[in-house]
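The residues making up each chain are set out below.
Number of protein chains: 2
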Amino acid sequence: MGQQLFTIVQDGGVTTPRGFKAGGLHCGLKKTDRNDLGVIVCEVPAAAAAVYTTNLFQAAPLQVTRESLNEGRTLRAMLVNSGNANACTGAQGEADAREMQARMAEALGVSKNEVAVASTGVIGVLLKMDKVNAGIERLPSKLRDDAEGGEQFCKAILTTDLVKKVSCVSVTIDGQQVTIAGAAKGSGMIHPNMATMLGFVTTDAAIGSELLQEALREVTNLSFNMITVDGDTSTNDMLVAMASGLAGNRELTRSHPDYEAFFAGLRHVCQELAKMIARDGEGATKLIETSVVGAASDEAAQAIAKTIIGSSLVKSAVYGADANWGRIIAAVGRAGVPVNVNTVDIRLGDILVLEQSSPIAFDEDVALAYLKGDTIAIHVDLNMGSGSAVAWGCDLTYDYVRINAAYRS
Amino acid sequence: MGQQLFTIVQDGGVTTPRGFKAGGLHCGLKKTDRNDLGVIVCEVPAAAAAVYTTNLFQAAPLQVTRESLNEGRTLRAMLVNSGNANACTGAQGEADAREMQARMAEALGVSKNEVAVASTGVIGVLLKMDKVNAGIERLPSKLRDDAEGGEQFCKAILTTDLVKKVSCVSVTIDGQQVTIAGAAKGSGMIHPNMATMLGFVTTDAAIGSELLQEALREVTNLSFNMITVDGDTSTNDMLVAMASGLAGNRELTRSHPDYEAFFAGLRHVCQELAKMIARDGEGATKLIETSVVGAASDEAAQAIAKTIIGSSLVKSAVYGADANWGRIIAAVGRAGVPVNVNTVDIRLGDILVLEQSSPIAFDEDVALAYLKGDTIAIHVDLNMGSGSAVAWGCDLTYDYVRINAAYRS
Chain A
3 MGQQLFTIVQ DGGVTTPRGF KAGGLHCGLK KTDRNDLGVI VCEVPAAAAA VYTTNLFQAA
63 PLQVTRESLN EGRTLRAMLV NSGNANACTG AQGEADAREM QARMAEALGV SKNEVAVAST
123 GVIGVLLKMD KVNAGIERLP SKLRDDAEGG EQFCKAILTT DLVKKVSCVS VTIDGQQVTI
183 AGAAKGSGMI HPNMATMLGF VTTDAAIGSE LLQEALREVT NLSFNMITVD GDTSTNDMLV
243 AMASGLAGNR ELTRSHPDYE AFFAGLRHVC QELAKMIARD GEGATKLIET SVVGAASDEA
303 AQAIAKTIIG SSLVKSAVYG ADANWGRIIA AVGRAGVPVN VNTVDIRLGD ILVLEQSSPI
363 AFDEDVALAY LKGDTIAIHV DLNMGSGSAV AWGCDLTYDY VRINAAYRS
Chain B
3 MGQQLFTIVQ DGGVTTPRGF KAGGLHCGLK KTDRNDLGVI VCEVPAAAAA VYTTNLFQAA
63 PLQVTRESLN EGRTLRAMLV NSGNANACTG AQGEADAREM QARMAEALGV SKNEVAVAST
123 GVIGVLLKMD KVNAGIERLP SKLRDDAEGG EQFCKAILTT DLVKKVSCVS VTIDGQQVTI
183 AGAAKGSGMI HPNMATMLGF VTTDAAIGSE LLQEALREVT NLSFNMITVD GDTSTNDMLV
243 AMASGLAGNR ELTRSHPDYE AFFAGLRHVC QELAKMIARD GEGATKLIET SVVGAASDEA
303 AQAIAKTIIG SSLVKSAVYG ADANWGRIIA AVGRAGVPVN VNTVDIRLGD ILVLEQSSPI
363 AFDEDVALAY LKGDTIAIHV DLNMGSGSAV AWGCDLTYDY VRINAAYRS
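Quick note, the sequences are listed as chains A and B, same order. The opening position of the first sequence corresponds to residue 3 in the numbering used here, with each subsequent residue numbered one higher. The opening position of the second sequence corresponds to residue 3 in the numbering used here, with each subsequent residue numbered one higher.
These aren't lab readings, by the way, just hints derived from the structure by calculation. Treat the hints with care, as some may be off.
[Stated by the list, open to error] Selected chain B positions facing chain A (in silico; Cβ < 10 Å):
#1 T55
#2 N57
#3 V127
#4 M131
#5 T237
#6 S318
#7 A323
#8 T345
#9 I353
#10 L354
Where a beta carbon is used, it is the ideal one built from N, C-alpha and C, also for glycine.
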């Protein structure tokens, strides 16, 4: 996986790459006094890229951000509110998203197309714009280029999340140290397809927006698009990346000798964030990692890995530490891709439970002890070809139901 | 829906149609003394039809039954065990299914290809054939042609089901009273695709096996294939129909003036059974009925109805009596079919919550009172075309998780 190509930056965050400041505050959209408005600002125009939800009902801020990025390929700021998704809010919702963008641009002294806007929270309720506008006025005074600035931003984007989600690595390009950082939020309505819940990537690499867009798309397919919490694809999923170029490397191209290191670093950051989202899935107590090998193609392996990770029965069994591999094979069989029904091997961690599609006697106590851990690996080998994929999810618990039975109330 | 074409037979069951006996007993596959082996027997060779799961890993009894029905198109008996699915059990599992078939045939004095076999329960464990064989020996003495026989059979096919699932109607064909009855089981791993959990239909109509097969297939697509409990398609889904022909009507054809009545009756029986399965979904407290109209096609409407009914977030919200229509519109938007995002209406029962894709203010107290009922109707009008569909499901509750966290233990 190229781990040697990058170094993990402990305690790094979105303000670690050169040129970035961040901040957050409570403007009044959340009922408690938790942060609900945050911004990341770059001191120079940053090359920018974004991927969006495939849900047909895209929230207003996504439409506004997409439109702006189509006009110019640089960003100076990413503004986010939590507590209200500004989705299915009609013409007023779109006007509100545009107002957020324009006011933030004015407060920062940049052009409005250089401000991306994002929202997360309840669907179908108009934003309280008096509170949002007052918050935007105060935001510039909160900007810091240190860890505290990144921390306040990360708090501002959470909803039902229990923990902040940040990852940071450094890579060497042209002998220069380049940093790549990301922050994300997401806990429920997680079944990203071509995009994710809210994710924000900052880097000081010099890279054009076109190549950044391609890299972001490829990495998304190996990270955020391979997680599921509940099979529900949000109206608000968006991942935005900004590259300040202040690291001093020659501009990256696909043939640049260090492009592979940049890509590996970006992939690591996004996969870490994706796993953090899966582990912090609503009500979750465990991270489930499903790897599928020996498939006819990578696409087939992806379909199977995501079907397993999405199975309510598999998720419930993992919660109960029940080595119920029958539910895994049933998921393999309904994934909609070709499978040789006689050659499937299944392992739970290192424990072989099915070989060539026949049950293998295993020590139930050993399996129970393994399944009581907080990270559960499910390995499926189809023994058909060379296709492979990894997907991440979480267990299904009482708390998932409790949280979602009363989210809006 | 043609309700006037048939009459509901109160307290009718699989032994109500002329020519059928049924019975059940406890042979020892279930840990408690509940029935776990049952059979329906016809006194004459009955025209037969069946549909099977689309899961690639089909259980051994399905393979055996399919093979037998391919050789001859009549059945004298349908034998079922619960407590063990006999799925993913390799060559020994297939031999066991054949032995069950052969011993039941011998005990009844019929040929083995005239016995369908079915199993439901845990996957990947070999059947205790000594117990099954002893049970088969005793089964003929348990056969009765009254309601008690049907009752004992129905009990024998249940696993995590809480209630028996039976439906019976009568229709008039050629002036003769024809009865159609069905029994089913299913509570978890319910997301049938071209077939269902175990379902058994008996009728005394005179109808050839070919037309019966066509009717069964068409009706399945309007009933069992439109329910979901948890999105997991079982390895054992099977629906079998037997027609004794003892009602005395002229053999049905598609052009027979009363074929429509027979079809309407069969559809009613299967839809009632499907709704009973959805309402009795593992842990469920409510039946959810989703109707989609105004779609570009019936197929598009089906995709949307099943996406809504399968959404964990929608299911959790219904459990919590939360009028969270944002989750419904999010499901509409990710169903993978074309939708005009500006023209969607949504109603919860009679309460309009979204019109032309814009939120409508509604009385939360009235909505809460409605959502606290035990049957929740979700109506979606896409205002695009004339496609429509109805799907059924249930809420997602703490008990679903409890049941499935420890099913195998």
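Here is what the structure says about each hint:
1. The beta carbon of B:T55 comes within 9 Å of a beta carbon in chain A, closer than 10 Å, and the hint placing it at the interface holds.
2. The beta carbon of B:N57 comes within 4 Å of a beta carbon in chain A, closer than 10 Å, and the hint placing it at the interface holds.
3. Of the supplied interface hints, the one on B:V127 holds, with its beta-carbon coming within about 8 Å of a beta-carbon of chain A, less than 10 Å.
4. Taking 10 Å as the C-beta cut-off, the interface hint given for B:M131 is violated, the closest approach to chain A being about 16 Å.
5. For the restraint placing B:T237 at the interface with chain A, the shortest Cβ-Cβ distance is roughly 5 Å, inside the 10 Å limit, so the hint holds.
6. Against a cut-off of 10 Å between C-beta atoms, the interface hint on B:S318 holds, since the closest Cβ of chain A lies about 3 Å away.
7. The criterion of a C-beta within 10 Å of any C-beta in chain A is met by B:A323, whose closest approach is roughly 8 Å, and the hint holds.
8. At its closest, the beta carbon of B:T345 sits 12 Å from a beta carbon of chain A; the interface hint therefore is violated under the 10 Å criterion.
9. Because the smallest distance between the Cβ of B:I353 and any Cβ of chain A comes to about 14 Å, over 10 Å, the interface hint for this residue is violated.
10. Interface restraint check for B:L354: the shortest CB-CB distance to chain A comes to about 13 Å, outside 10 Å, so the restraint is violated.
In this structure, the hints that do not hold are numbers 4, 8, 9, 10, in rising order.
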